[in-house]
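Participant: Residue-level listing of the chains:
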Amino acid sequence: DTEVTQTPKHLVMGMTNKKSLKCEQHMGHRAMYWYKQKAKKPPELMFVYSYEKLSINESVPSRFSPECPNSSLLNLHLHALQPEDSALYLCASSQEGGNRVGGNTIYFGEGSWLTVV
Amino acid sequence: DQQVKQNSPSLSVQEGRISILNCDYTNSMFDYFLWYKKYPAEGPTFLISISSIKDKNEDGRFTVFLNKSAKHLSLHIVPSQPGDSAVYFCAASSYSGNTPLVFGKGTRLSVIA
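Same order as they appear, the protein sequences are chains C and G. The numbering of the first sequence is our numbering, which starts it at 1 and goes up by one. The numbering of the second sequence is our numbering, which starts it at 1 and goes up by one.
The hints are simulated quantities; they were obtained by calculation from the structure and are not laboratory data. Each residue gets a CB set at the ideal place from its N, CA and C atoms; glycine is no exception. Do not rely on the hints blindly, as some may be mistaken.
So these bits of chain G aren't anywhere near chain C, every CB distance computed over 12 Å [claimed, not checked]:
#1 S12
#2 Q14
#3 N22
#4 G60
#5 P82
#6 N98
The calculated lysine-lysine pairs, modelled on DSBU-like cross-linking and capped at a C-alpha distance of 30 Å, are [unchecked claim]:
#7 G:K68 - C:K40
#8 C:K38 - C:K22
#9 G:K71 - C:K53
#10 C:K53 - C:K18
#11 G:K105 - C:K9
#12 G:K54 - C:K38
#13 C:K40 - C:K18
#14 C:K18 - G:K56
#15 G:K71 - G:K105
#16 C:K53 - G:K68
#17 C:K22 - C:K9
#18 G:K105 - C:K41
#19 C:K19 - C:K38
#20 C:K9 - C:K40
Turn these sequences into a full structure, and let the hints steer you where they fit.
Facilitator: In C-alpha cells form, the structure reads like this:
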C-alpha cells in the first residue's frame, strides 16, 4: 500500500484568509514533502521533513508555513496568499529520510487544488 | 540549469504500437531514475525505476532503459493503450545525496485509438 491522503481536494480562499492543507501517510515513511505544481510544469519542491524535522525549505515565502505534528501527518498552513499561489499542492512521502533522502522513490498524494481569489 | 531534460513536450502514438519517451540528464552523480505518470487533476503516480547498476528494468508493458555513458534513459510502453494517455515525468536523484528527486518538464503522451 503506497497511499498518501490529502485533504481537502479543493480549496478556495480569499487573500486575507487563513487555511490549512492536511496530509497523512501510514506507510512508516520517514520523509514527507510538500510540492507545488502549476499547469504544464513539473512538481516544484517546497519543503522536506525528515524524521519530523524540517530539513529543506526551498526559499518558500513565509505565507506558507509547514508543520509536522508527528511521523504520519504533515500540514501546510496558508495565510495572506496571492492569486499567483493558485496551484495543485502535492504531499508526498518516501521510505528514508536524513542523508538517505536521495535514491528514494517518492509517493504522491492526489493533491489539493488551491484557488486564491 | 536543467539537470533532467525531456526534450519532447508531446508524443502521439497509435493504440497497439510502441511509445518511446526519452530523458537526458547532465549530473553524473545521479544514480537512481524514475518515471511518473500524471493524469490531469491528480498527483503523479510512480511507474517504474532503475538504478545505475542496471541498464534495463521491466514491469509488464513498461520497460526503462538506461545508457549511463550517454546520460540517457527511455521508457518503452508496449503495446500502448488509450489509458496510457497522460503526462510522463522523468526524475533522477543520487543515492548518496540528501536532496530529493529532480524532475524533467514532462512529455504529454496521446495514444490514439
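Participant: Work down the list of hints and note, for each, if the structure agrees.
Facilitator: Taking the hints in turn, this is what the structure says about them:
1. S12: holds, 17 Å
2. Q14: holds, 24 Å
3. N22: holds, 16 Å
4. G60: Non-interface label stands for G:G60: nearest chain C Cβ at 17 Å, farther than 12 Å.
5. P82: holds, 21 Å
6. N98: violated, 4 Å
7. G:K68 - C:K40: holds, 28 Å
8. C:K38 - C:K22: Holds - the C-alpha atoms of C:K22 and C:K38 are around 19 Å apart, at most 30 Å.
9. G:K71 - C:K53: violated, 34 Å
10. C:K53 - C:K18: Satisfied, since the Cα-Cα distance of roughly 23 Å is no more than 30 Å.
11. G:K105 - C:K9: holds, 24 Å
12. G:K54 - C:K38: This hinted pair is violated, its Cα atoms lying about 33 Å apart.
13. C:K40 - C:K18: Roughly 28 Å separates the two Cα atoms, so the pair holds.
14. C:K18 - G:K56: violated, 48 Å
15. G:K71 - G:K105: holds, 17 Å
16. C:K53 - G:K68: violated, 35 Å
17. C:K22 - C:K9: Between C:K22 and C:K9 the Cα gap is close to 10 Å, so the pair holds against 30 Å.
18. G:K105 - C:K41: Holds. G:K105 to C:K41 sits at ~6 Å (cutoff 30 Å).
19. C:K19 - C:K38: Holds. C:K19 to C:K38 sits at ~20 Å (cutoff 30 Å).
20. C:K9 - C:K40: Distance of about 19 Å is within 30 Å: holds.
Hint compliance for this structure: hints 6, 9, 12, 14 and 16 are not met, and every other hint is.
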